[in-house]
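**Q** So the chains spell out like this:
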Amino acid sequence: MTERRRIKVDYLARVEGEGALDVTIDGGQVTDVRLKIFEPPRFFEALLRGRHFTEAPDITARICGICPVAYQMSAIHALESACGVTVEGPLRTLRRLLYCGEWIESHALHVYMLHAPDFLGVHNVVEIARSQPAIVERGLRLKKAGNAIVALLGGREVHPINVKVGGFYRLPSKAQLRTLREQLAVAREDALATVAWVAGFDFPDFHRDYELVALRHPAEYPFNEGRIVSSRGLDIGQSEYHDHFEEHQVEHSTALHCRLRGRGHYHVGPLARFVLNHDRLRPLAREAAASAGLVTDCRNPFMSIVVRAVEMVQAIDEAIAIIDVVELPAAPAVAVEPRAGTGLAATEAPRGLLHHTYRISADGLIEHAQIVPPTSQNQATIEDDLRAFIAPRTGLPDDDLQWQCEQAVRNYDPCISCSTHFLDLRVTRR
Amino acid sequence: MDLRPKLAVFKFASCDGCQLSLLDCEDELLALAASIEIANFAEASSAVIEGPYDLALVEGSITTPHDADRILEVRRQSRVLVTIGACATAGGIQALRNFGSVEEYTRIVYAKPSYISTLATSTPIADHVKVDYELRGCPVNKHQLLEVISAFLNHRAPRVAAHSVCVECKARGITCVMVARGEPCLGPVTHAGCGALCPAYDRPCFGCYGPKELANPAALGEWARTALGADAATVRRQFQTFNAWAEPFRTEGRRDD
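First to last, the protein sequences are chains A and B.
The opening residue of the first sequence carries number 1 in the working numbering; numbering runs sequentially from there.
The opening residue of the second sequence carries number 1001 in the working numbering; numbering runs sequentially from there.
Honestly, the hints are just simulated from the structure, not real lab data.
All figures in this text were calculated on a predicted structure; none of them were measured in a lab.
All residues carry an ideal CB built from backbone N, CA and C; glycine is no exception.
There may be inaccurate statements among the hints.
What the hints assert, rightly or not - Partial list, computed: chain A residues near chain B (C-beta under 7 Å):
no., residue
1, Glu16
2, Ala20
3, Pro40
4, Ile128
5, Lys143
6, Val186
7, Arg188
8, Glu251
9, Leu401
As the list claims (entries may be wrong) - Taking lysine to aspartate or glutamate pairs in the EDC-like style, the calculated list, with each CA pair at most 20 Å apart, reads:
no., chain 1, residue 1, chain 2, residue 2
10, A, Lys174, A, Asp22
11, A, Lys8, B, Glu1050
12, B, Lys1170, B, Glu1103
13, A, Lys144, B, Glu1026
14, B, Lys1112, A, Glu246
15, A, Lys8, A, Asp22
Between the sequences and the hints, there should be enough to build the whole structure, so can you do that?
**A** Set out below in structure tokens:
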């Protein structure tokens, strides 16, 4: 007798934004998996048209309250590229410091508040605090340390106001930067303890043959710059993005799906960054990864929580190094004059590759904008993961299966607010 | 039986940043969770406790037919309903569609617009249901958010200043960017709450907290165009950001159309 079962999660919890999950199992076979994204469209790519290019960092920040710095960074790099300007030296270093802050606060939020409850069998961080308050306090200290960097360099934690095409509006003083150091030294110990903590979680035996995609820089673990590379040999400049990647619309999602032309779905995020760039980690982070038993060709998406913890060590250690050596530039920004042209740039948001494209006019007005957020790129891969994950587990009771499916979605730290409604459909273009 | 007041957090069209501000209260979060029951907060917990709720915080604007229905149910379930942030109190940046055509917006973003269910406008929550208190900001100030939660749980009025960003700026002793540098600044017409953040970072206010009561943006816009020599399009765009649909910014953003 065939049995038809349906696992439905009408409103995914502990993710940013509004999504649902719908899985159909027919006679023990998974016949349909849909990560439904019903986050209402906000049409950023349309409303950016006609805006002055200097407004883009403030407007695109509003795409996501959790990773506004990522949107600001991709926007300013793309626009500087359109205007033929490269920002180097200490301004570049301070941007890196700001990005460190966002990685720390975003990863601390996800590790402690959104994902750890799955591994511990509880519904939220408050329940963890009941039995293990010291652990939760450690997570909150980490999050606060990341936010302290963003608040100093950006002005405030959510939607920073100090990021400008060309640099910053105002520079922090050396004395202000030094005030972060003590807090970050504590945070570095907290992050190392976090790596050890999450390494002790139980991980399902689940490995996927992903094509991993991330930035790669000659000398650094990637934040703002690098070539776009993959685990199967892709190696392209940021301006070649649209020649290799494409987006398509599906009926069950207000976020467009993405694929590599002629190759299929791919995976972006901490796991991809780590596998493709583990040799660029600072020694402390590399040792932490090794001590956690993280193999350098890891393909288990459930281990992404360990990678996030390792990346917190990386970001904190790097932030301290920057604060110790950075010399403040003479001016907070370099002048950027508009010219007619197109600029493309990708940076590594906490959740993965975030690509922006702008075309501007000679008087600096935006004529076209295209934004490809990490969760859009991962959507189809998340559905593939679920199909493969459920197949050998159809014997589980519905409640257990649902719990594990939700956990599998949260491996990606999906940011549904970000991913919704972005991309111009370009399938017909070539 | 749990006698703590029940808190719920609901999201409509938004970036999640205002509800994140609650989780950004790192020093107060555990104390808050001890004194109230977090009964329904999807971003933070997979456990949902049924309503009714003593206090509902609502983030986001109404942009779909489904959400227009859902807010009615949220109101029915909530003894006190407080809207948080520019999307919920003014329609947000997504209300820029209200000045143009949503069909065109949909065509720009989606290849198959027929799959997309959206309203022609993005509107604040108060256009749809009675709202007990509106906390402004893009994003809200987390200290003000804690103050509002404390006030409603203790049955008193929130202490949130209603004056302009200019007053905060003067109180901090910041040099006026409009007077000293001749840059158009929305400080005189913008609701306080940020602590004059942008002037403190050497840039003009761009109106995250929306219009203050009895603001006169027409006079400010006129000053920017004449005394400061700003072009009309720049002044218009300055009013057309996160609180574009809130009067009187709405009227000023349409000037010369």
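**Q** Honestly, which of those hints from before does the structure not fit?
**A** 2, 4, 6, 7, 9, 10 and 12
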